[in-house]
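Here's the letter readout for the chains.
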Amino acid sequence: MFGAGGGTNSYREVEETNVILLWGSNARETHPIFFHHLLRGINHGARLFTVDPRQTSSARWADVWLSLDVGTDIMLANAVGREILAAGLENREFIGHATTGIEAYKAAVEPYTLERAEQVTGVPRQAIREMAHAYAQAERAMICWTLGITEHHNGVDNVLALINLALLTGHVGRYGSGLNPLRGQNNVQGGGDMGALPDRLPGFQHVEVEEFRAKFDQRWGVKVPPKRGWNLTQMFEAMEHGELKALYVLGENPLQSEADQALARRRLENLDFMIVQDMFLTATGQMANVVLPAGAGWCESDGTVTNSERRVQRVRKAVNPPPGARDDVAILFDLAKRLGHDWGQPNSEQIWDELRALSPPHTGMSYARLEASHGLQWPCYDENDPGELFLHSRLWEQPLNGPQVAFQPVQDDPPVERLTPEFPLRLTTGRRLDDYNTGVQTSGFSSPLRRGETIDISPDDATRLGVCSGEMVRVSSRRGHVEVPVWIDERLRPGLAFMTPHFQDEVATNILTIDATDPKAGTAEFKAAAIRVDRIGAN
Amino acid sequence: MSDDSLWFRPPPRPSHPPIAPTPVETPRVEISIDGQAVAVPDTATILDACRSIGIDTPTLCYLETLTPVNVCRVCVVEVKGSRTLVPACSRRVEPGMEIQTNSPRVQLSRKMVLEFLGSSVDLSTAPTALEYSSRYGANAGRYGPAKEAALAGERDAREPGHHHPPGSLHAETVAQPVKIDNNLYVRDYSKCILCYKCVEACGTDAQNTFAIAVAGRGFDARISTEDNIPLPDSACVYCGNCIGVCPTGALMFKSEYDLRQRGEWDEARQTKTDTICPYCGVGCTLSLHVQDNQIVKVTSPLDVEVTHGNLCIKGRFGYGFVQGGDPDKE
Amino acid sequence: MDLHFHGPDATLTERSVVDSVLGLPPSEGPGGLRITRDEGHHSLVQRSKLLPAFHAVQNRFGWIPPGAMDYICRRLSVPPAEAHGVASFYHMFTLKSTPPTVVHVCDDVACRIKGSEGLCTELQHALGAEGWKRSPCLGQCERAPAALVVRAGETPSATSVAPANSQSLLAARAADLPASADTRESIRASVPQFGSDNLRLLSRVGRVNPCSLEAYQASGGYSALTKGILQGPEAVIAEVMASKLMGRGGAAFPTGRKWEAVAKAPARPHYVVCNADESEPGTFKDRVLMEGDPFAVIEGMTIAGLATGSEQGYLYIRGEYPQATERLKHALEAARAAHLLGPKILGSSFSFDIELRSGAGAYICGEETALFNSIEGKRGEPRNKPPFPVHVGLFGKPTVINNVETLVNIPQILALGGEAYSRIGTAGSAGPKLFCVSGHVTRPGVYEVDFGITLGQLIQQAGGVAGGKAIRAVLLGGAAGSFVGPDQLNIPLSFEGTRAAGASLGSGVVLVFDESVDLADILLRIAAFFRDESCGQCVPCRVGTVRQEELLHRLRSGKPMRSYADELELLKEIGQVMRDASICGLGQAASNAVESAFATLNPMPKVAQIR
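Which chain is which? The protein sequence lines are F, E and A, in order.
Going by the numbering used here, the first residue of the first sequence is number 42, and it counts up by one from there.
Going by the numbering used here, the first residue of the second sequence is number 85, and it counts up by one from there.
Going by the numbering used here, the first residue of the third sequence is number 708, and it counts up by one from there.
By construction, these hints were calculated from the structure, which means they are not laboratory data.
Treat the hints with care, as some may be off.
[Claimed, not checked] Lysine to aspartate or glutamate pairs mimicking DMTMM-like chemistry, simulated, CA-CA at most 20 angstroms apart: (1) K195(E) <-> D1221(A); (2) K561(F) <-> D575(F); (3) K264(F) <-> E251(F); (4) K1092(A) <-> E243(E).
[Unchecked claim] Short, incomplete list of chain E residues facing chain F, as computed with Cβ under 8 angstroms: (5) Q260; (6) V262; (7) I264; (8) F337; (9) C368.
Note that CB positions come from ideal geometry on N, CA and C, so glycine has one too.
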């Protein structure tokens, strides 16, 4: 946000903050060690508000749990903003000093009254009011979120709605105050930082800015294409239209991880040629023309990753990969050689030093410093820079250092797929503690917690449907159906169902999910599909 | 995304690196340890003060990341004016304290504590306790031959306030069968010195899951799930943070236990490499213990700000997907 | 908290029993709450309802069924493993199905020399293993042997039977014994000085109806509180300071200084706790005071609340004292009804109330910090000191904790004036003192004397040794005290006098053994007692008490491992590490009696000395 895509604060700050809004995140299970820091905060007296349709294990630690209807986050956030303004609790000094566009924001949120928000989100107005006042009046306050915010067709707007709240209250750029997306995957942060985005070069340098491109052109001796590329969703659409013919997939399993699996399969089948480079022969790999077996980056090669607090950390080779599997970088080097470019022997430190030379926020992080420190946080501009504990402190400098930040008003936009009598249940998805994504990695160990895939429904819905725990049912959406056992979760409220993507080979949950994607980020609305549940053999 | 220039350019560098608010300067107090004058912050414990001048004080129940429970009493020191010895790990320094860390009283207490443990607990996988025992000349054999081990579950069923009077001339121990009720780790309470660390790590000091607690009383006190139910029925989430803090090997990775049972566990052949967990984006440091190109256990260093030594089930146990087998064998 | 429950659902009865203590649960909307509050944060005061809930379930079912346990945990947000840890700490809670009626037979020192072993044998024969169990000292030593008949059910009861024989126990077990309406008669037997005009602390016991607030007031009760409210807290503390009153629980700390420290402590709120967990073997004076003069205890506590700026008091009474508990309950209600407790006492701005809490069979809970933990719903494990309770006590707040006898002295002090009170007794030990005289004396009971009387004089006052036998030994101060021999009867009974003789007054126990007693057997019982009652927290006490018992067993059975001298040396080292390195007074005192016996009384059979 504000030019750098990363959580603004360090984990240790959540231990010393006063109010935490955990929004669309079950960090207790999906980011357990971050939640340790959060629990310390609670034990030090912080108040926790969780915003989640489900009473997750995280929500059970909250002072107030705001159980909103799936996809009504902007309605809630704007109502919080309006209430803060109505109560005169906004940070006028900060707004005047560091922001622009407050009037437009005020006008935009004006219709979001507590009454209307209660009606739309299902959260009692006094709870919304309490969260608004607690957040605005706290000395330090943080908003943390995960995929409950971003896996919507309007995920970027959801994030903007939260950023607006931080701007309104001045809860950014200070110790213990900020905005923190919790990264779902190891090195998701680092991948983006390194330029694995359709529009960025390493270090968030936009590919459409001549000055940035020139540096890379010079270093690499080639012309970097001056236009941004496709994001994942656009790529899949391009496959559909035949514009994209060849695909090189590294360490992803899009066949099973994309929403609307039937559609994803059709599109991948449309390709002329596909290379899959992965540690596993994934379902996607089985469709590939060429499979390049890769080693496990985290323990079979050397390099760095970057975590959710922007900390660049060393990964080290501890074991040899199995025969035939090779380090990802070595494969890429060989490929380059076949294409006529001899890059020499791969060496992780040399590659890192090249990055440091091109990416200002990484320049200060030598391997020697990374080794000596358990990692450094970007931006770290030179070898004397300790790295930034929290971002955007410049917004509090007198006079303001750099440009003001604009409010970006957004409007409520409910999930694409409405509930109907035919598909009356809202399906939302997420992870469980001991499993991970499509289960490719976690299936390698036997977890005593694992109970396999289920569809979790409320006791009321179970009664209405006449099903009991363990009974196989047919779950259908407009895109397809799966058969899965029922799990009755007394903490789910009626009308809401929950599944995970962890057991794709047994239960392909993503057959059900909808491929409605955010136009800006290309993220699919995994969190909101409309389904029906039928007893098998009932008809 | 708008074409706002902010989205195209990184923000300017702040004038000063952002820092945490500086804590209030704590006053220093003067104390003497073994005749040596020392000045330490008034928030320091005697143990901190001892360590600051290089006096090696034995500890078993103490760990930097946990709240001191001061129950093992192996760290006791003599403080002038105090009727009893005091635990160095938890007692704060006070101005003018005169501390003896090696007086005959201190030595006797440390020796006796170690003898008590050695005569009642299997310390065979507790190298630290064994080292202290030899340092202080503990002779656990003085209490007679060990009584035969309790039957499975028998110690867990003991009621407070009752014991069978000593019927033989053997020394009572905590020996009992090892508890193996899941594939990830074993609990061998014959090796438990009841240091409370696992309870703290499972509780408010780290995991906040509260799957285990101390149950029973006196010599029959024990670490237990509710009603001694098996771990898979309990609240346990298999973070393994209890194993991480166990000083005696009472809690042990199943992988290590199995290798030891087969006589194949060999630390001399092992390497330990720090890397980062491959799962979520928190970035936990994993120390991979590797023997024969196989990961045999995963720990996490205490001094890393991200984890403080703690992991979750995936980081601690979810490495199986790289165990494609030993390339030399295939 | 994201707690995990595995057990069976609670039955309707189980729920209603728990709800009777905790109140009805808040109603939940279908499919989960839309808003929850404070579920995540530990509410300390809420957690403190854990033991009361256990008691209610135990009283109803005779044990704590798993469904009820789970339900309590859900209601109080207590992790089940922790709750199990707490319940399994206390002797009077049972975690496996048990018959509704159980006879607890005291087999501790005083009852042991009055035939308790025979009683145990008879009960085993009559009831089988399930119907009875052994208990440490039940605090009825003047009427030994004693037993407690505990009956669970819709109308639970607990009845002390002393002196007990198997017929009276089986009768008590079979029938509901109504508590006798007139309560004065029976207790007179416990106060051999009854009728004497010189009594201060015992003046009402057996004379004034303990169930009548009017009678208490008519005999001068509550005049001290009235005076205290008029004078104000500083003046009350000044009087208590001037009185030189020292705590009667065993540690003999100046009460006035304690009160002053709490009064001045900046943290709020402040608490007053009355330690009525009288469990030291051989001690029963507090029981007699609570049964015979309950309002005096309450008045003393209320004055302590006034002086220390506290609004809430807790009276923690051991679970083995059903009658004292009933009397106090009644007295608390009566005082509340008369506005002597509650808001704006006697029309002043001073508000104070007292909650009665029952222990559940754990000697260690007489240790002040273990007692706090027990009230807080935790295992009764002592805390390390410092910090001391006056700074960090109950719920982590400044707390004054006084023993029953200490508090009963308070109205006396305000009535007499601190200065005058300080002239009673000796220079170093001011005031009257209660002693619990039991064992082989003609008239066992509670004796009130001025400090300074010799041990021999006190024993004479109790009629000397029954049957004209010679004294073998006297256990002074309880199991945590020490043995003195017949040559030490001239010890003056004062703090300084006993200290000079290397002994201590402890809780005022004077347990007399005549020459027929096998002292080795008594020592083994004491060693077993400490092993049973050790909380198990620290290594020196947890293992030391076992090793001490094993060693005594070896000596007694004539099979020392090495030479007798080597064994004695080892015994000394065990004693020293317990004394030096244990967390609390229990471990620190666990070898006192044993070591004192070996020092002068030659307690072991000669055969042990052959090798």
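Quiz prompt | Holds or violated: K264(F) to E251(F), with C-alpha atoms at most 20 angstroms apart | solution = holds (11 angstroms)
Quiz item: Hey, does the V262(E) contact hint survive, CB to chain F under 8 angstroms?
Solution: Violated: closest Cβ of chain F sits about 17 angstroms from V262(E), beyond 8 angstroms.
Quiz item: Does the nearest C-beta of chain F fall within a distance shorter than 8 angstroms of the C-beta of C368(E)?
Solution: Hint on C368(E): holds, closest Cβ of chain F at ~5 angstroms, below 8 angstroms.
Quiz prompt | Satisfaction of the F337(E) interface hint, Cβ to chain F closer than 8 angstroms | solution = violated (12 angstroms)
Self-check item: Pair hint K1092(A) and E243(E), alpha-carbon separation not exceeding 20 angstroms
Solution: Measuring from Cα to Cα gives roughly 29 angstroms; hence the hint is violated.
Practice problem: Identify whether the interface hint at I264(E) stands, where standing means a beta carbon of chain F within less than 8 angstroms of its own. | Solution: Since chain F brings no Cβ nearer than about 12 angstroms to I264(E), farther than 8 angstroms, the hint is violated.
Quiz item: Does the interface hint hold: is Q260(E) within less than 8 angstroms of chain F, judged Cβ to Cβ?
Solution: Given a least distance of 22 angstroms, the restraint on Q260(E) is violated.
Exercise. Take a quick look at whether K195(E) and D1221(A) sit within 20 angstroms of each other, Cα to Cα.
Key: violated (40 angstroms)
Quiz item: Can the restraint linking K561(F) and D575(F) be considered satisfied, given a maximum Cα separation of 20 angstroms?
Solution: violated (36 angstroms)
The structure is inconsistent with the numbered hints 1, 2, 4, 5, 6, 7 and 8, although it conforms to all the rest.
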